[in-house]
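Novice: Here is what each chain is made of, one letter per residue.
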Amino acid sequence: MYRLRWGITCAGAAVVAIALGGCAVGTGGGGAADDAEYDSGAELGGELSVMGFSGVDEVATSRVEFAEAELGDVEVELIEGDLDIQQFLSAVASGEPPELLYADRDQIGSLAARGAIIPLERCIEGEEIDMDQFRESAVEQVTLDGQVYGIPEFNQVQVTMANADLLAAAGVSIEDVNGSDREAMTQANLALTKSDGGSLSVIGVDSKLPEFLPLWVAAAGGSILSEDGRTAALDSQEAIDALTWAVGIYDDQGGFSAVKAFRDSADFFGEGNQFATSTLGAMPMEQWYINVLNEVSPDAPMAFDTVRTTEGEPIAFAGGSAWAIPSGTENSEAACRWARAMTSVEAWQAAADARLAVREEEGKPFTGILTGNSVADEEIRGMVTSGGEPWDSGIEAMYEANDNTVSLPANPADAEFEQAMQDAVNSVLNGEATPEEALAEAQETAQQALDEGWEKLESREE
Amino acid sequence: MTSTAVRAGGGAQHERFIAPQERERNRKRASRRNLGSALLFLSPWIVGFVVFTAWPMIYSAYLSLTDYDVINDPEFVGFANYAEMASDPKVLLALGNTAFFTFVQVPLYVIVSLVLALLLDRAGRASGFFRTVFFLPKMTPPVAVGVLFLLLFNGQNGLINMVLGWFGIDGPSWTTDPAWVKPGLIIMSLWTVGASVIILLAALRNVPETLYESAKLDGAGFWRTAVSVTLPMISPALFFIIIVNTIAGLQTFDEAYTAFFGAGNTTYSNDAALFYVIYLFQQAFEFLHMGYASALAWGLFLVIMVVTAIQLVVSRRLVYYEGER
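Top to bottom, those sequences are chains Z and U.
Residue numbers for the first sequence follow UniProt numbering, so the first one is 1 and each next one is one higher.
Residue numbers for the second sequence follow UniProt numbering, so the first one is 1 and each next one is one higher.
Here chain U stands alone, though its shape is the one from the complex:
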C-alpha cells in the first residue's frame, strides 16, 4: 500500500480513486528516490571511475593532440603525434614484438592452464595442495619475476640451460640472443599460470556429471568427450582467460622492462624485448614526450579494441552459454 493511498483514505479500496496524474507523479517520485539511492550507493565507484579512469582518458586524448613535456604548457599540434606514430620505425618494431609475444604466449598459456587444470581435476584430495602451489607464483611481484628471468635463463649458468644440459641439449642464450629473448619471456610468463588454472578447474568441476555419463553410454572415447562435452562446457571460462590474457599480453611491461631496460641493464636494452608499452613509457618518462606517449596509448587502445572485438565475434560461434537458447 502506498503512502498516497493511506493519505487518500487509509484503505486499499480507496486506491482506485487516485487520479491518474497523481499516480504518475507518485511513480516518478518513487523512481527518482530509487535512482537517488542507487546513485548514492554507486557513488564511490562513480567518483573513482570519473577521477581515475574517465578524466585521465579524456585528458590523455587531449594531450595526444599536443606537444607536452610536463613542465611547460602543452602546445596544440593537431594530429602531428599520430602522423609521427605512423612513420616511427620503433612503433612498428614494438608492435611486432608485442604481437609475437601475445599471439604465441596466449595459446600456450591457455594450453598449459588447461592441462594443469585437467590434472588437478583428477588429483582428488591432493588438488587443494597443488592448487595453492600453482597459485603461489602469481603472488610474486612482476619485477622479481624479471630478475628471476635473468638468473634462470642465463645462457652461461642458468638453471634452465643446466636442466636442458642433462638431456644433452645445448641451451641458447635466452637473455642476450635476440632470437631467444621473446621465447624466453614467453616461457617465463607461464610462471604465473596458477590463476587461470584455478578458474578452469572451477569450470571443469561445474560440468554436469550426467553429460559425461551420456557420452559414455553413447560410446564416446576420451578425445570425443573432451571435444564434445568438456570444451564446450568450459568454453566461457576459456574465452574469459583468452580475452584477459590477450589484453594483458598487449600491455606487457613489467618483466621485460626489469630484465632489459631497468636500472640493472640501462646500457643494454635488447630491442627484441622492446614491447609497445615499454616504448610508450620511454617516450613519456625518459624523453618527456607526454603528448606523443598519449597518442601511443590511444593507438594501443585502438588495437586492443579491434582485437577484442574480433575475439567477441568469433566467440559467438565457439562459446556455449548454458543459459542461452
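The following block holds chain Z by itself, in its conformation from the complex:
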C-alpha cells in the first residue's frame, strides 16, 4: 500500500513537471524569423491591430486617415489606451501579439533584446522607408546591436522656460538660467528664490532632477552610457559634477523636499500654472509645454531659450515614440506599411494642415509639431504662424533645440539602467548619500544589468 502511494506521488510529480515544462514555453527569441514579403507596391489585405496608439486629436486622426488610405483593404483596429507593457507581453507570450506596437523609444532596446519585436531592415528596404530622413539621435534610440527595431515618430526636446518679470526683478537674464554658466545659474537661483514665513513661495530655478540628469551630463560634454550601449558611465566626473551642482540648486532653496512639495502643488496644466502665478523663475521643460502655456495663460510673462552646453551651444536630449512590429505578428506587411505611412512627410503635412486649421479657427498661433523626420520638420516649420513675442522666441528655441539633440543608445537593460540612475539621484536628493557614493553604486547596478542583458542577447543570437 505504501509503495502504491509512493508510486502515485512520483507519477503525480512527474505529470506536474511535464505540465510545467510544457506550459513554460516562450514565444520569442532573439531575431525572430520574419518571412514576410515587404513591397511598397503590393496590394495588402487582412487585419491590423495597433497597440499603444491612443491619439485622438487632429494630428493623430489626420495621419490615421492617411495611413488607412495607404493600406487599402486592410481592416485596422486601434486598441484603445496607451501602451500597457503587461498587456503586450501577455499577448506576445500567448502567441497572439498585435500586428503593430506604438512605444516610447527608450523601451525599444529591452523589447528587442528579448525578441519581443523584430528587426526592421527588410521592412525598411521593402517599403522603401528613407531612414536618412530621420534624425540621427532618434534612430540611435531604436537601434540595438546594429539593427533598427523601430521607426521614429514624435520627437521631444527640452527648452529653457523662464518668467521674464521675475528675472528682471532679480536682475538676471535668460542667459543666466540656460545652463551655459553653472555658477551664474546657481547665483540666479539664489536671487530668484523667495520664501514667505520660512516656506518657499518662489522656486528660483528647478533643475528638474532626477529626469534631466542625462541632459546636464551631456551639457558638460559627457554621457551616462557609451555609444555602443554596453558601458555605463554613471560614475564619470561629468555625472558627479552635474549631480552635485543640480542638487545644490535645490539645497539653496531649502532642500528638494520643499521644492518638490511646492512643485506638486502647482496647477501645472491650468491657468494657475507656476509661470502665470510667478511662483517659478526658470526650468528646462519639454517643448510641448510652450503650447500648453500659450493655450492656458497667453499673457504669462515668458522668456525662452534653448538649454545650452557649458560651452554655450544649444543642446537637447531627444525622446519620443516609435513604431515597432512584434514577433509572431500575422500581418507584418501591413504593419510595416502603416509605420511607413504614419511617419511619412505626407502624413505629417496632413497633420500640420489639420492642426493649422484648428488653430486658425480658435484664433491662436500654430506652434509647430516636432517629429523624428527632419524633412517633415522643415516642411512644418514653414507653416508655423506667429503668436507674437515671447511665443515666437519659444518656437525658435524649440526648433534650434531640435537641431542639436543627443540621445542614449538602445540597450537591453533600459528599465534597470534608468531605475539605477533615478535611485542614485533620489538618494542624493533625500540626503542619504553623496553624489560620489550614489553614482558609484548606480554604476555597479547598471553595469551588471547591462552585462547580463548583452550576454543574454548574444547567447540568444548564437
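The set of hints was computed from the structure by calculation and includes no laboratory data.
Treat the hints with caution; some may be incorrect.
Dumping the calculated DSSO-like pairs for lysine-lysine here, alpha-carbon to alpha-carbon at most 30 Å [what the hints assert, rightly or not]:
1) 208/Z x 90/U
2) 456/Z x 216/U
3) 208/Z x 194/Z
Calculated Cβ distances over 12 Å to all of chain U for the following chain Z residues [said to hold, decoys possible]:
4) 69
5) 350
6) 416
7) 426
Glycine included, each C-beta is placed from N, C-alpha and C at the ideal position.
Given the structure of chain Z, go ahead and fit chain U onto it with the hints provided.
Specialist: Chain U only, in chain Z's frame:
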C-alpha cells in the same frame, strides 16, 4: 428504510436479514453518492481554486527556480533567485519599510476602529447613519486614495498641514520627506477603517448585557469592565481584524504605488515608500525578471506564514471563544 431493504422484502422486519457484506456495500455506495453530490456542488469552487490559486502557486514555485522574461523559454537556475534575494539590498529595504508600515499601522488601525466602534455603540439611533458614513470611504478605489494622499498631505498647501497650522503646528512634508512618507501613508490608511468598525460594532453588540450587569454589581469601573468583560468577549473579532490587516499590511501596494511609483510620479520614486510588493511588481513587470519576482513572492508567502503562525500561537492565550471549554 433503505431501497435494499425494500427489495429484500418490503418490510422493516426483513432488514436484519441483509447480509453484512451487502450492508457494507450499500453504505459505501451511499457514501460515494454523497461524495459525488458534494463534489458536484463544490466543483465551481474547486475548479476556481485549482485554476486561479493552486495552479498559479505551483507554477510560480517552478518559475522561482528559473530565469524567465515572459517571452523566452524559462531557463532553470536552481536556487539562484533565492540566493540573489539574500544579497539584494533592496529586498532588505523593502522588507524594512513593509514591516514598519505593518507593525505601526495595524495596532493604530485596531485602536481607531475600536474607539469608533465604542462610540457608535453608544450612538443610539444615529449609529446607522454614522455606520454608513464610516464605511463609505472603504468603497473608494485604492488608486484614488493614493492620489488623494498626494493632495491632502502636500507639505506646501495640503489640507492636513492647513489644519495643523490652525493649532500652530508647522506640518512636515509628508509626501516628499523620507522620514514622513510612511507615517503619512499610515495615517492615510485609516481612511478605510470603516469595515473594521462595523465588525467590532457587531461584536460589541453581541456581548451579553448580563455580564455588564454582573460587573456592575461587583463594583467594576469603566476600565475594569472594558478589560475584563468587553475585550475578552470581542477578542475573536479583534483577532480576526489583526490577522487580516497584518496580511493586508504585508501586501500593501496600491496607494503607495499610485503616489510614488505610478504614471504621475515615474521620475521620483521615494524609496521610503518602496514596499515589498512594489519591488516585486517592479522586478516582474518593469524589468521582466519573472523568475526573481516569483522567488520574491514565495519569500513574502513565507514571511506571512511565519507572522500568522506567531499570531495564532499568541492568540491561544489571549482570544476567548465562548463555545470553548
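Novice: Each hint: holds or not?
Specialist: Hint by hint, here is what the structure shows:
1. 208/Z x 90/U: Holds, at about 25 Å.
2. 456/Z x 216/U: Violated: residue 456/Z and residue 216/U sit about 75 Å apart, past 30 Å.
3. 208/Z x 194/Z: holds (18 Å)
4. 69: holds (34 Å)
5. 350: Answer for residue 350/Z: holds, closest chain U Cβ roughly 30 Å.
6. 416: violated (5 Å)
7. 426: violated (6 Å)
Comparing the model with each earlier hint shows violations of hints 2, 6 and 7; every other hint is respected.
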